[in-house]
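Construct the entire structure; sequences and hints are all you get.
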Amino acid sequence: MRADYLPQANGKLSFLPWHRYFLKVVERELQKASSCQVSIPYFEWTVDAGSLETSATWQANFFGGDGDPATGCVSHHPFQGKMRWSPCLRRRFNSSISLPDAVNLQLMLAEDDFDRFSAQAQAVSALFHLWVGGHMESPFSPYDPIFLSHYAFLDKLWAQWQERGRDTLSPFPTEWRYVKMKPFDVTPDDVLHAQRQLCTLYVPITLGAPCNITSPQKPSGPDKDQYNTHGINEYERYDYSREDLGQKANNNHRTEFDRKGYNKQGYDRNGFDQMGWDRYGFGRDYFDRDHMDVDGYDIFGFNRYGFNRSNITSFGMRRDRTFVSSVSEEVMDQLFEGGYNKYGFDTFGLDRNGFDMFGFRLDGYDKDSCNFFFHGPHYMRFYFFAQLQISMLGPGTLSRIKRICPHITPLPESWVIQNWLNTEEGMATIRQMEQQWALQHPFDRDYIPNVSSVKESGLWLPITPDLRFCFELHWFSGCPVGPAPVTCPDLCRNARCIGYPDAECRVHNCGSCFIEWYDPDTGSHVMCQGW
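Numbering (our numbering), first residue to last: 1 to 531.
One or more of the hints may lead you astray.
[As the list claims (entries may be wrong)] Under the rule of at most 27 angstroms between Cα atoms (straight-line distance), these lysine-lysine pairs were calculated in the DSS-like manner:
1. Lys156 x Lys402
2. Lys180 x Lys156
3. Lys24 x Lys12
Keep in mind that the hints were calculated from the coordinates and are not lab data.
If you want it as C-alpha cells, here you go:
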C-alpha cells in the first residue's frame, strides 16, 4: 500500500500525519490477529547513533541482524515463526552512513515552523532507511518490521514537538489540515492529537521498563545442570561438543543447526547469533555493551566499585582498608581530601548518599527504589538522563555541544528522486538543512577518545557511552551536558564564607569559573553571603 501511495506518504506536509495513521492501521491489524495488548514499540536509534551495528535491536531475539553478504537475506528473525518468509527479508547495513544524534534531534525539536520540522524529520528518516539497506532502501520498506518501530520513533518526535509548542506553534498548516490523505478516508486534522484521537502514548526510554525484579542477578557461572550462560559445559545442551562430536563420539547428523551452524532461533552452538551477541547481550568477547563482563568487571578488570578481581582498587587499597606497600597516606589524602575524591566518591566507590557510579546503592536499588537496571544496560540510563538535560537547553547552548562522530552523511540524489523529493524547492531545503546540521552541531576535530577506565590520577571511573551517543557527556565532571568543563585557577585559596564558616568551597568549572559553597556533611549546596 505504501509503495502505491509513495508520493502521498512522502509528501512535504503529509509525511508525518500519513505515517501516524498508517502505524495505527497496522497496529489494529496486528491486534486483530493476535491480542489487544499488542502495540508497536519505537526504536530510538539515536541511543546507538555512533555504533548502530552493535545495537541490541539487531539481536536474533529482537529484530534480527544484517543480511547475508551474498544474498542480503536475514536468515534468523523472530517474525517468521515456523515458515520462512518468501521473499526473504533483506538488509544490507551501510555503516559508512553517519546518522544524526540526539543533539541534532533536539535542535530539530526547537524548530518553530512545521514545514521545516517535517522536512528535517523526513531527511533524518531517509538516512536510517539507507543505513539499514535492503528492503528499507526500497519502496517496499514496510516489509521490514524495523520500519514500524522506526516510524513510531519519528511519530514520538512529532508528538514531542507538538507538546513543546502547544501554546505558541500552529500544529499544522491550515490549507492542508482538512485535505484527505490517500488511501485513507482521514485528514491530518483527524490525527493531530495522538493520545486523544488515536490512543497513542509514548513513554520516555527506560521508563517503560519494570521498576523491580525479584533478584537483580546477571546470569553467571554454571546453572543447576552445569551449563554456562551460553549453554556449554564440555558438551552443549544437545549433547554435542563444539567439534560436533557427541558424548559417544558419534557425528552430529541432526538438523537442529543449519549448514552455517545456527539453530532455528538464530544462535550457534556457543550461544551467539550472527551479529555476535548472546541472548543476554554479551558479545563474543564476553563483554556487554557497557564493556562489563558477566561477573561485573570491565575490560581493565575493575568492578563498579573500583575493585579488581584481587579486591584491590586502582589506587592500591584492599577491601579490608589496608594498602599495598607503595601507597602512602600522603597520596591518599591528595586523592580523597575530606574522604571523597574529586568526582565525589569515597574509597569504596560510593557518593555521600551511598550510591555507586551507576546510581545504585549496595542493596541494588536506585534513588527511586528500583533495581531493574542494576546490572545494566547502563548506557540506556545514561541516555535517559542526558536526554533530560539536553531537552532543557536552547539552540544556542545545544550548538556548543560538539559532535564526536563524523559529519552527517548528505542524502544521495538517487534517494531524493525515488521518494519524490526532487523538486527545486525540496532539493534546496535538503541541502540547506545539511549545512545547518554541520554548523549547529559541529564536528570536534580535537576530540581524544577515553580508552581507559583508570585515570591519570590512579582513580577508576567507568567509560561512559560518549562514542555511542556521538557527543561527550563529561558525566563525572559535575557539569551538565552542554557546558564543557574548563581549567580554572584555585579561586578557593583565599575565599571565606562568613555566614557559614564550615562551608566547603568548590570551584565551579562548567563553561566558566566561579565559587560554590557546600555543606561538608550533606554535600548540599548552601548560599554564602559576605565572602
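Evaluation of the provided hints:
Between Lys156 and Lys402 the alpha-carbon distance is near 25 angstroms, which keeps this suggested pair within the 27 angstroms criterion. Among the hinted pairs, Lys180 with Lys156 is consistent with the structure: their alpha-carbon atoms are about 22 angstroms apart, no more than 27 angstroms. For the given pair, Lys24 sits about 21 angstroms from Lys12 by alpha-carbon distance, which is consistent with the 27 angstroms threshold.
The structure is consistent with each of the numbered hints, conforming to all of them.
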